[in-house]
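Trainee: Protein chains in written order, with the working numbering: chain A, 17 to 307; chain B, 17 to 307; chain C, 17 to 307; chain D, 17 to 307.
If you are wondering where the hints come from, they were derived from the structure by calculation, not from laboratory data. Errors might be hidden in some of the hints.
Identical copies carry no separate label here, and so any pair may be met within one copy or between two of them.
Stated by the list, open to error - With a Cα cut of at most 27 Å, we get these calculated DSS-like pairs of lysine-lysine:
| no. | residue 1 | residue 2 |
| --- | --- | --- |
| 1 | K255 | K292 |
| 2 | K117 | K209 |
| 3 | K292 | K209 |
| 4 | K209 | K255 |
| 5 | K146 | K209 |
| 6 | K93 | K146 |
| 7 | K249 | K171 |
| 8 | K255 | K117 |
| 9 | K146 | K178 |
| 10 | K178 | K249 |
4 protein chains.
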Amino acid sequence: MKIGFIGLGAMGRPMANHIARAGHEVIAWNRTRAGDGVDDCAANLRLAETPAECAEVDILVTMLADDRAIEEVLLHKGVLAALAPATVHVEMATISVAMTKRLEGLHARRQGMFVAAPVFGRVEAVVAAKLFVVAAGDSRAVQYAAPVFDAVGQKTFVVGSKPHLASLVKIAGNLLVAAVIENLAEAIALIRKAGMDPYHFVEVITASVLPAPAYSVYGTRIAARDYTPASFKLQLGLKDINLALAAGEEFEVPLPTASLLHDHLIAALAQGHGGKDWSAIGEVVAANAGL
Amino acid sequence: MKIGFIGLGAMGRPMANHIARAGHEVIAWNRTRAGDGVDDCAANLRLAETPAECAEVDILVTMLADDRAIEEVLLHKGVLAALAPATVHVEMATISVAMTKRLEGLHARRQGMFVAAPVFGRVEAVVAAKLFVVAAGDSRAVQYAAPVFDAVGQKTFVVGSKPHLASLVKIAGNLLVAAVIENLAEAIALIRKAGMDPYHFVEVITASVLPAPAYSVYGTRIAARDYTPASFKLQLGLKDINLALAAGEEFEVPLPTASLLHDHLIAALAQGHGGKDWSAIGEVVAANAGL
Amino acid sequence: MKIGFIGLGAMGRPMANHIARAGHEVIAWNRTRAGDGVDDCAANLRLAETPAECAEVDILVTMLADDRAIEEVLLHKGVLAALAPATVHVEMATISVAMTKRLEGLHARRQGMFVAAPVFGRVEAVVAAKLFVVAAGDSRAVQYAAPVFDAVGQKTFVVGSKPHLASLVKIAGNLLVAAVIENLAEAIALIRKAGMDPYHFVEVITASVLPAPAYSVYGTRIAARDYTPASFKLQLGLKDINLALAAGEEFEVPLPTASLLHDHLIAALAQGHGGKDWSAIGEVVAANAGL
Amino acid sequence: MKIGFIGLGAMGRPMANHIARAGHEVIAWNRTRAGDGVDDCAANLRLAETPAECAEVDILVTMLADDRAIEEVLLHKGVLAALAPATVHVEMATISVAMTKRLEGLHARRQGMFVAAPVFGRVEAVVAAKLFVVAAGDSRAVQYAAPVFDAVGQKTFVVGSKPHLASLVKIAGNLLVAAVIENLAEAIALIRKAGMDPYHFVEVITASVLPAPAYSVYGTRIAARDYTPASFKLQLGLKDINLALAAGEEFEVPLPTASLLHDHLIAALAQGHGGKDWSAIGEVVAANAGL
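My request is simple: use the sequences and hints to build the entire structure.
Mentor: This is the structure we're talking about:
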């Protein structure tokens with residue numbers, strides 16, 4: 017298939033490459049000059065001069081940073097208007113429920129197909145093509161886009177026909193993962209001040225009641241108090257928690273855990289941890305414990 | 017070995033039976049008349065008339081409800097005073113760090129050995145002898161008590177020589193598990209109000225980013241909004257969160273997650289959910305979302 | 017002076033009337049047909065057909081609902097572009113720090129003067145021309161606008177030359193007032209469940225440690241559990257708390273009190289209290305206490 | 017009248033002196049050697065060798081630090097048992113609702129009269145005999161104790177016949193005052209990071225929407241970031257917030273504001289502010305804002 021790919025950031029670059037390596041013809045564009053990782057890819061990935069060049073394709077994948085980038089590129093730069101009727105737009109970044117709904121409306125008006133398919137997985141997972149894809153949209157469109165999902169992910173979950181529900185599952189899932197960081201940070205601060213080895217605590221917990229990689233990975237980072245390099249930058253974490261709070265406001269659901277994370281992420285920014293891994297929430301918790 | 021066992025509640029009863037079935041001679045006592053589950057056990061479990069009868073043993077296991085019960089039975093009823101010098105006291109309930117430290121002091125004075133060995137696992141796990149045991153104390157004493165741990169658990173973690181650290185690991189671990197409930201309750205309320213099937217959300221999450229039984233078990237309960245019968249009663253959950261807050265105060269570590277849980281557990285009590293499973297926190301979160 | 021006045025809502029209508037009655041020639045406009053209260057005013061208040069008619073004046077006062085209304089009317093409808101160089105723009109609504117900064121920039125480019133002058137006071141205060149005005153901007157402009165402030169307020173506080181600081185003082189002050197509601201709601205729920213008369217509690221507190229009208233007014237409302245008619249609607253209260261959270265994010269200051277209020281305001285909306293007085297936060301707190 | 021007075025701390029000493037100066041015969045006792053302020057008082061204040069000497073009086077006033085001190089002195093040292101039937105016990109310290117209820121029961125059994133009469137006011141107010149007294153108990157007993165209240169306070173509020181309600185009003189009132197500190201700390205951190213003079217903010221707020229001394233006094237302290245000497249020590253503030261949380265648990269009322277204060281007070285202790293004024297909560301908030 018011919019695939020357009022817009023957004024070649026830390027996640028987008030390896031994704032575009034995986035799709036090209038799977039045998040598809042990829043025409044890709046980035047707002048700034050695309051970095052390495054694209055240049056050295058298979059012959060069938062070509063860089064476009066303008067985003068509109070990415071519109072004449074079977075599937076247009078967008079992996080833009082946030083709502084604002086979507087608005088700028090898809091709407092103001094006219095990509096959406098340039099899409100052929102048959103082109104399926106597959107939005108794979110984590111954007112707001114409201115923006116996904118707005119895209120639903122715009123695609124309905126052009127009578128085109130739209131799939132939201134955000135992904136779970138940090139940088140390590142995208143490099144290994146081991147993402148989890150959460151897709152929602154018209155079932156034919158979702159099926160049509162399956163080769164794209166297979167190229168980047170280990171598993172695809174289809175959560176219905178309304179694209180914004182895929183955004184919401186991603187946002188709610190990210191809230192759960194962020195909460196793991198906050199919860200671990202508190203438990204580990206307690207363990208540390210009591211004089212016990214925090215690594216040992218993480219081992220016990222992940223070998224007993226909470227045997228999930230998130231607990232091992234983040235627990236080890238917080239135990240080490242070492243938050244560079246970032247697998248997922250703290251300032252992006254704040255963006256995602258704000259998406260959760262916005263969804264909570266839209267559906268009228270108070271999310272005190274998201275509020276707590278919001279406050280701790282702001283504190284982390286204020287204390288200079290914005291560029292580190294978002295598990296640097298652990299430093300805010302540690303500072304409050306006098307550590 | 018000859019094992020004394022004090023405290024035949026929902027956890028204690030099956031534990032005492034497991035130990036007896038493993039071939040040890042068990043002499044057990046409960047504050048109130050012991051219920052079924054003890055009576056129908058192997059010949060080598062005998063019910064004592066007084067707690068002091070349980071003192072002339074190789075190992076005394078206590079599984080009493082809380083600090084107050086420990087104080088009443090071990091101290092006021094004179095069990096501790098009646099212990100032979102060689103008897104190892106193994107405290108397996110979830111009690112406060114402060115009480116465990118106090119017991120450390122009392123045993124040091126009698127020059128006897130003391131192990132704290134609280135367990136992770138709900139009622140289902142104790143029945144299947146699949147508990148996780150977290151033990152701390154003098155290494156010879158811990159080794160001596162290993163047959164008891166093996167009789168009730170699937171794995172034993174030794175977390176050092178200071179018994180109160182075992183209490184702390186249990187308390188911190190329970191805080192993490194309780195946080196899973198709160199976090200899920202919020203995410204599921206959001207999913208539900210957006211019109212998506214909450215069971216499907218739980219499936220996606222536990223098959224992708226958070227593949228741990230706690231997320232499946234509690235996620236399913238909250239999705240079902242069915243909190244009876246209780247695997248772990250909400251009012252006992254409040255006791256455990258209060259132990260976390262007390263430990264936070266002792267070691268000067270603020271625990272905002274514990275504070276949030278405390279507030280939601282109190283609300284659950286106020287709304288009549290005290291006797292249900294502690295995942296009924298989900299009802300407090302649902303009510304705040306107008307569900 | 018000739019005064020333009022845009023925004024004739026619950027606050028704007030009586031303000032425009034006060035200014036007209038003080039002897040100024042007022043030309044006023046509203047996005048929807050202006051309601052009563054304007055029609056029956058002194059001869060020197062005239063309703064404009066278009067917002068641009070309000071631009072040829074000595075002072076343009078805007079009292080628009082929120083950032084979006086400002087953007088729509090001042091920017092998209094061209095009012096700002098139509099302003100004469102000498103006209104002073106006085107923004108009196110509660111808007112975001114970011115929007116006030118943006119207006120600062122736009123006025124700087126047109127080399128015109130701009131004052132932010134939001135007001136404290138509920139509906140009762142505006143009717144009695146007893147508002148507190150918090151003004152910031154070029155000192156000559158602030159002085160020039162003094163007659164407007166005197167017409168609507170009992171006192172004007174000048175907080176510097178940067179208009180956005182006036183917005184911030186208003187936002188921070190509103191946060192303090194909202195916090196009074198939350199705090200009282202909790203204390204009163206406690207008093208009520210203990211079986212004591214909540215009115216008596218409010219009397220004691222306001223006659224001793226906290227003798228401020230906010231405590232009497234909101235304390236009495238919460239004691240009465242009667243939140244209609246609204247002096248300040250709950251859904252507007254959420255708007256204001258969101259302005260506080262946005263300011264907290266801009267200046268990197270975590271505001272846990274604002275987060276708590278945000279969560280309780282969302283719960284109040286979810287439970288159907290959006291159109292009531294914002295002290296209906298008391299009902300969320302009461303429900304959590306099983307009242 | 018003959019007045020026994022137990023508890024000569026920072027509050028008790030000046031209170032005992034005021035009572036003596038009002039013409040009553042005072043026999044006073046302290047757990048440790050009473051400091052200055054008692055020694056140099058009027059001839060009619062005498063120091064007892066044992067607490068029991070304070071029992072043969074018309075009114076016994078207790079001003080002990082906390083529940084534990086009450087238990088130790090009144091119960092274990094036998095003061096309560098030594099009281100004559102006609103002696104009225106007036107408890108004036110801030111103690112738990114549970115302990116006040118327990119004292120109600122003990123006095124009922126001895127058929128003696130008991131008044132709880134905690135006071136509002138920091139050290140400055142006690143020196144000036146300007147406390148606010150909140151009294152509850154049998155109306156004859158309250159009236160009988162009026163001369164004591166008049167000697168130390170500027171006003172007495174009678175809140176009913178159940179002594180524990182006076183404790184609760186004090187606890188709930190203290191929660192409101194502590195909340196003022198937290199709320200101000202957040203607002204001031206925001207103002208400070210925006211580059212505005214925090215003193216000016218406090219002036220505006222207290223001259224407009226929140227004209228109460230608590231806002232001026234604590235606002236000025238937080239603006240100054242100077243928390244010594246303490247008017248009310250932070251570690252005692254934690255004690256009082258814990259009393260609020262205990263009352264919330266007893267009456268099943270979640271108190272998220274108290275939980276937030278609890279967490280910030282623990283952080284303040286961990287960061288070394290325990291001996292400073294409790295408005296040093298401002299430092300925790302400032303640190304979280306990177307100040």
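Trainee: Does each hint fit the structure? Answer for all of them.
Mentor: Here's how the hints hold up against the structure:
no.	hint	in the structure
1	K255 <-> K292	within (14 Å within a copy, 32 Å between copies)
2	K117 <-> K209	between (47 Å within a copy, 16 Å between copies)
3	K292 <-> K209	both (24 Å within a copy, 23 Å between copies)
4	K209 <-> K255	between (31 Å within a copy, 22 Å between copies)
5	K146 <-> K209	neither (37 Å within a copy, 31 Å between copies)
6	K93 <-> K146	neither (32 Å within a copy, 50 Å between copies)
7	K249 <-> K171	within (24 Å within a copy, 37 Å between copies)
8	K255 <-> K117	both (18 Å within a copy, 22 Å between copies)
9	K146 <-> K178	within (25 Å within a copy, 42 Å between copies)
10	K178 <-> K249	neither (29 Å within a copy, 33 Å between copies)
Hint check: violations occur at hints 5, 6 and 10; the rest are consistent with the structure.
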